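J.: Below, each chain spelled out in residue letters.
There are 2 protein chains.
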Amino acid sequence: MPGRNFATTAVAIAVVVVAALASASAGADDDEQGHLRREADRIVRLPGQPDDGVDFPMYSGYVTVDEGAGRALFYWLQEAAAEAQPAPLVLWLNGGPGCSSVAYGASEELGAFRIRPDGATLFLNAYRWNRAANILFLDSPAGVGFSYTNTTSDLYDSGDRRTAHDSYKFLARWFERFPQYKYRDFYIAGESYAGHYVPQLSQIVYRKNKGVEKPIMNLKGFMVGNAVTDDYHDQVGTFESWWNHGLISDATYRLLDASCVHDSGEHPSPRCNAAYDKATAEQGDIDPYSIYTPTCNQTSTSSSSSTPRRMRLKGRYPWMRGSSYDPCTERHSTVYYNRPEVQRALHANVTAGAGGAMNYTWATCSDTINNNWGDSPKSVLHIYKELIAAGLRIWVFSGDTDAVVPLTATRYSIDALNLPTVVSWYPWYDAKEQQKQQQEVGGWSQVYEGLTLVTVRGAGHEVPLHRPRQALILFRHFLRGKPMPPKNGTVV
Amino acid sequence: MPGRNFATTAVAIAVVVVAALASASAGADDDEQGHLRREADRIVRLPGQPDDGVDFPMYSGYVTVDEGAGRALFYWLQEAAAEAQPAPLVLWLNGGPGCSSVAYGASEELGAFRIRPDGATLFLNAYRWNRAANILFLDSPAGVGFSYTNTTSDLYDSGDRRTAHDSYKFLARWFERFPQYKYRDFYIAGESYAGHYVPQLSQIVYRKNKGVEKPIMNLKGFMVGNAVTDDYHDQVGTFESWWNHGLISDATYRLLDASCVHDSGEHPSPRCNAAYDKATAEQGDIDPYSIYTPTCNQTSTSSSSSTPRRMRLKGRYPWMRGSSYDPCTERHSTVYYNRPEVQRALHANVTAGAGGAMNYTWATCSDTINNNWGDSPKSVLHIYKELIAAGLRIWVFSGDTDAVVPLTATRYSIDALNLPTVVSWYPWYDAKEQQKQQQEVGGWSQVYEGLTLVTVRGAGHEVPLHRPRQALILFRHFLRGKPMPPKNGTVV
Numbered sequence: 001m002p003g004r005n006f007a008t009t010a011v012a013i014a015v016v017v018v019a020a021l022a023s024a025s026a027g028a029d030d031d032e033q034g035h036l037r038r039e040a041d042r043i044v045r046l047p048g049q050p051d052d053g054v055d056f057p058m059y060s061g062y063v064t065v066d067e068g069a070g071r072a073l074f075y076w077l078q079e080a081a082a083e084a085q086p087a088p089l090v091l092w093l094n095g096g097p098g099c100s101s102v103a104y105g106a107s108e109e110l111g112a113f114r115i116r117p118d119g120a121t122l123f124l125n126a127y128r129w130n131r132a133a134n135i136l137f138l139d140s141p142a143g144v145g146f147s148y149t150n151t152t153s154d155l156y157d158s159g160d161r162r163t164a165h166d167s168y169k170f171l172a173r174w175f176e177r178f179p180q181y182k183y184r185d186f187y188i189a190g191e192s193y194a195g196h197y198v199p200q201l202s203q204i205v206y207r208k209n210k211g212v213e214k215p216i217m218n219l220k221g222f223m224v225g226n227a228v229t230d231d232y233h234d235q236v237g238t239f240e241s242w243w244n245h246g247l248i249s250d251a252t253y254r255l256l257d258a259s260c261v262h263d264s265g266e267h268p269s270p271r272c273n274a275a276y277d278k279a280t281a282e283q284g285d286i287d288p289y290s291i292y293t294p295t296c297n298q299t300s301t302s303s304s305s306s307t308p309r310r311m312r313l314k315g316r317y318p319w320m321r322g323s324s325y326d327p328c329t330e331r332h333s334t335v336y337y338n339r340p341e342v343q344r345a346l347h348a349n350v351t352a353g354a355g356g357a358m359n360y361t362w363a364t365c366s367d368t369i370n371n372n373w374g375d376s377p378k379s380v381l382h383i384y385k386e387l388i389a390a391g392l393r394i395w396v397f398s399g400d401t402d403a404v405v406p407l408t409a410t411r412y413s414i415d416a417l418n419l420p421t422v423v424s425w426y427p428w429y430d431a432k433e434q435q436k437q438q439q440e441v442g443g444w445s446q447v448y449e450g451l452t453l454v455t456v457r458g459a460g461h462e463v464p465l466h467r468p469r470q471a472l473i474l475f476r477h478f479l480r481g482k483p484m485p486p487k488n489g490t491v492v
Numbered sequence: 493m494p495g496r497n498f499a500t501t502a503v504a505i506a507v508v509v510v511a512a513l514a515s516a517s518a519g520a521d522d523d524e525q526g527h528l529r530r531e532a533d534r535i536v537r538l539p540g541q542p543d544d545g546v547d548f549p550m551y552s553g554y555v556t557v558d559e560g561a562g563r564a565l566f567y568w569l570q571e572a573a574a575e576a577q578p579a580p581l582v583l584w585l586n587g588g589p590g591c592s593s594v595a596y597g598a599s600e601e602l603g604a605f606r607i608r609p610d611g612a613t614l615f616l617n618a619y620r621w622n623r624a625a626n627i628l629f630l631d632s633p634a635g636v637g638f639s640y641t642n643t644t645s646d647l648y649d650s651g652d653r654r655t656a657h658d659s660y661k662f663l664a665r666w667f668e669r670f671p672q673y674k675y676r677d678f679y680i681a682g683e684s685y686a687g688h689y690v691p692q693l694s695q696i697v698y699r700k701n702k703g704v705e706k707p708i709m710n711l712k713g714f715m716v717g718n719a720v721t722d723d724y725h726d727q728v729g730t731f732e733s734w735w736n737h738g739l740i741s742d743a744t745y746r747l748l749d750a751s752c753v754h755d756s757g758e759h760p761s762p763r764c765n766a767a768y769d770k771a772t773a774e775q776g777d778i779d780p781y782s783i784y785t786p787t788c789n790q791t792s793t794s795s796s797s798s799t800p801r802r803m804r805l806k807g808r809y810p811w812m813r814g815s816s817y818d819p820c821t822e823r824h825s826t827v828y829y830n831r832p833e834v835q836r837a838l839h840a841n842v843t844a845g846a847g848g849a850m851n852y853t854w855a856t857c858s859d860t861i862n863n864n865w866g867d868s869p870k871s872v873l874h875i876y877k878e879l880i881a882a883g884l885r886i887w888v889f890s891g892d893t894d895a896v897v898p899l900t901a902t903r904y905s906i907d908a909l910n911l912p913t914v915v916s917w918y919p920w921y922d923a924k925e926q927q928k929q930q931q932e933v934g935g936w937s938q939v940y941e942g943l944t945l946v947t948v949r950g951a952g953h954e955v956p957l958h959r960p961r962q963a964l965i966l967f968r969h970f971l972r973g974k975p976m977p978p979k980n981g982t983v984v
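Going down the list, the sequences are from chains B and L. If you read the first sequence in the numbering used here, its first letter stands for residue 1, the second for the next number, and so on. If you read the second sequence in the numbering used here, its first letter stands for residue 493, the second for the next number, and so on.
In case anyone wonders, no lab produced these hints; they're calculated from the structure. Quick caveat: nothing in here was measured; it's all calculated off a predicted structure. Careful: at least some of the hints might be erroneous.
As the list claims (entries may be wrong) - Non-contacting residues of chain B with respect to chain L, defined by C-beta distances greater than 10 angstroms in every case (computed):
no.	residue
1	39
2	116
3	180
4	185
5	208
6	240
7	245
8	389
9	391
10	393
11	400
12	458
As the list claims (entries may be wrong) - The calculated lysine to any residue pairs, modelled on SDA-like cross-linking and capped at a C-alpha distance of 20 angstroms, are:
no.	chain 1	residue 1	chain 2	residue 2
13	B	278	L	877
14	L	924	B	284
15	L	770	B	422
16	L	979	B	422
17	L	702	L	979
18	B	385	B	232
Claimed, not checked - Pairwise CB distance ranges, derived in the manner of DEER restraints:
no.	chain 1	residue 1	chain 2	residue 2	range
19	B	432	L	853	28 to 38 angstroms
20	B	152	L	912	51 to 61 angstroms
21	B	257	L	542	33 to 43 angstroms
22	B	251	L	578	52 to 62 angstroms
23	B	57	L	545	55 to 65 angstroms
24	B	424	L	753	18 to 28 angstroms
25	B	152	L	974	52 to 62 angstroms
Yeah, the Cβ is synthetic: ideal placement off N, Cα and C, and Gly gets one too.
Start from the sequences, fold in the hints, and give me the full structure.
T.: Written as structure tokens, this is what we have:
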């Protein structure tokens, strides 16, 4: 039974207040209500943000995607600085299912800020992707991060289909609130289980646009990283990768191959789950998302949590992670995003204290959503085929020290598309500016007809966390549609 | 034609001088000449050594192994401190073929000192293996490092057989010079191509000891790391590992499998060499000996060297290497060991300036030796079988981020022995003293009947360089014959 959407009401009230202050700057061709809501979403200042360098506007707030059920999705737009405009718009999605794009993408990967261990202050990420584009983070589906539903049952029957359709509805309404992005070059990107979300949402946008001469959502392509793509090939590749990296025994490798490869990745059989449990025990207390980096120390919330520490395709929990970067980032974000003043600044959880939909602690990932995930097709490769044929730009990247969706999984899945090769596997280089002789192999790449595969050397599951500089190089090349730079290639 | 052995003569002269000073301390049961030569070999002080902490005696010098040819092998003994005695004796050998144990084992891996970038000063390695044993480094065969021959043709027809026999001769004479090590527990260890040397020398010692009730060389076992073992299985595993780590294309993987797996690793066919060249080009300018660490920067001697930068089984040059550790260590050692005062302190190159055998610059590895390597059996697994049956302790370890002799190569080679499993694959832990809750996975291990396999997580080809603390834990467990510690295992 749909409850009342307190949040939407509260936002509406806020809008009225802000509107009075902001109406003077409304553009002539701008829908008045869109403008008012957009200005209500403007982030004036984030608690703890640095005094210098924040030269880009930000907006965040809710877009209702189902009035009846009371489902509203939370977004956070980090625009490019004025001198970089007009730049493309890029939607970023994290996976899980159940994990927040605010927690991961925005706060420890490609977002403008990173959170200090005090859980209170922020610093600028030198390699923030809004140096190259306007980045729109979305917590999806409802029940994830700050996104909520007033219909409790929604939390127990989420699945790929509704996630895609709600996300599309979000986009349609968001473009009304931000009409300046209509017709702008638009890309969708994400990682991990967003390997499902990204192509699925891209497909809807593509199909709705079909026959429209000048579509509002001017989708040019998509990019996914360490992406769940095709259960059979992903699993074959994952098990092979585990064995080759010395994480599991010969016997368990054989057992996994015998028990799992024809299962659904998201809904494995009990027999397959038992094989996974064996593999997890053999693997030990490493960070499967980054197998060579230290874990956040054992006294952390992760090991004392009620959630069993499992690495299985169902439940790619990114909260066990492991030292140039801080392996305890989730803890800092959990503190920061539960601060009332932070939520106020973000226009998030606006009914807090009023008995509203989000009367629970903000969490990086939702166990409820994850444990009750419904429909999940075994493959999205048919969507790749459709969208390659449509001429969309499609890039797939992989951090090569991830054991959750390892490189070998991605190689097998992409190979299954049988695409002709345009440029064979080659090392790409990170040529530091003004030091072109100091080139390092950033990873490897192969250009297929219709798809570009890029690996990032030494990066785990969250590529922009582990290799921020290389990730920004990757992002810029994707936006330009240019292959990754070979040796002595152009400096980015 | 054998030339005159200037070095031996010079040593003899030195002995007379030193003998006069040292004769007072000669032991009663000690052969007088052995004692004199030993005292002549005592290292008084190394140039640039730290003022504190050097509480262990060291000796170095030459042992002639063939008077006719004028072949003399250089050794460096780093004894354990007095309070750790009596401790076992461990011979350490580096591979190549052609690479110096002084350059690698002693100076950047398990040895007592590391060389600073000034090429002049030393600091103590906190995890030096002489904390647990008396370590004997040997430059082998003649022509490698400080070891020399007066018969130039020796440099062009070296091979496994003579290397083993010369090394045995070295040992026999060395024990006469150091009789306090007679009957002492003795182990042989090494890495890379020493995967051949170590079992081969162990086999000779074992066979010569057979039937002797109380052998002088009291060989208890051997240990090898990232070891060349069995060409067929090594190559199958190497190619699979390269592909799984994203270093090569699908096409090159297939080409290597079709072109190389039945070849000799040391003497590949032109067809196989062409496939290797393709793989090397695809791999790019990474450090194959440690695929996730930076290379010593591109202006280094490695890229300007006349030696083509190849990664092939023939020519496992450890001089291309790549940041908690210094990736340019070979450069520092090349400076340090070419200093005349260092050579004097080490009693090395004693005929320098006299037109003696070593009238060339000391180098970490010898191209001549490497490029002209002779006999090299395709497998040493038959020796494993013989020595397992003999009850010797045999440990095999592998740094799991090495692409030269990767973990997968070692797994396939060991699997080919078909040994029964005693303890299945499990993660071993590095429990830091007094902080047992801060345990990290050091790697994985499997105990077979007669052989223990241990991996070291995140270590490259030179395990003690990349993971010095974990390497010392490994070494101590090997010496005790105790399996690697499981979670909550005993602190070392």
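J.: Does the Cβ-Cβ separation between residue 152 of chain B and residue 912 of chain L fall within 51 to 61 angstroms?
T.: holds, 55 angstroms
J.: Holds or violated: is the Cβ of residue 245 of chain B farther than 10 angstroms from all Cβ atoms of chain L?
T.: violated, 7 angstroms
J.: Once the closest CB in chain L is found, is it more than 10 angstroms from residue 180 of chain B?
T.: holds, 40 angstroms
J.: Far enough from chain L: is every CB of that chain over 10 angstroms from the CB of residue 389 of chain B?
T.: holds, 23 angstroms
J.: Please work out if residue 979 of chain L and residue 422 of chain B have their alpha carbons no farther apart than 20 angstroms.
T.: violated, 49 angstroms
J.: Does the claim that residue 391 of chain B lies off the interface hold, with its Cβ farther than 10 angstroms from every Cβ of chain L?
T.: The claim holds: residue 391 of chain B sits with its nearest Cβ about 25 angstroms from chain L, beyond 10 angstroms.
J.: Check the non-interface label on residue 400 of chain B: least C-beta distance to chain L beyond 10 angstroms or not.
T.: It is violated; residue 400 of chain B is separated from chain L by about 5 angstroms at its closest Cβ, not greater than 10 angstroms.
J.: Checking the smallest CB distance to chain L, is residue 39 of chain B really beyond 10 angstroms?
T.: Per Cβ check, residue 39 of chain B is outside 10 angstroms of chain L; nearest 47 angstroms; holds.
J.: When you take the CB atoms of residue 432 of chain B and residue 853 of chain L, is the distance between them in 28 to 38 angstroms?
T.: The hint (28 to 38 angstroms, Cβ to Cβ) holds, given that residue 432 of chain B and residue 853 of chain L are roughly 33 angstroms apart.
J.: Test the statement that residue 240 of chain B is away from the interface with chain L: the closest C-beta pair must be farther apart than 10 angstroms.
T.: violated, 6 angstroms
J.: Could you check that no beta carbon of chain L comes within 10 angstroms of the beta carbon of residue 458 of chain B?
T.: violated, 4 angstroms
J.: For the hint 52 to 62 angstroms, verify it against the beta carbon of residue 152 of chain B and that of residue 974 of chain L.
T.: holds, 55 angstroms
Hints 6, 7, 11, 12, 13, 16, 17, 21, 22 from the earlier list are contradicted by this structure; the remaining hints agree with it.
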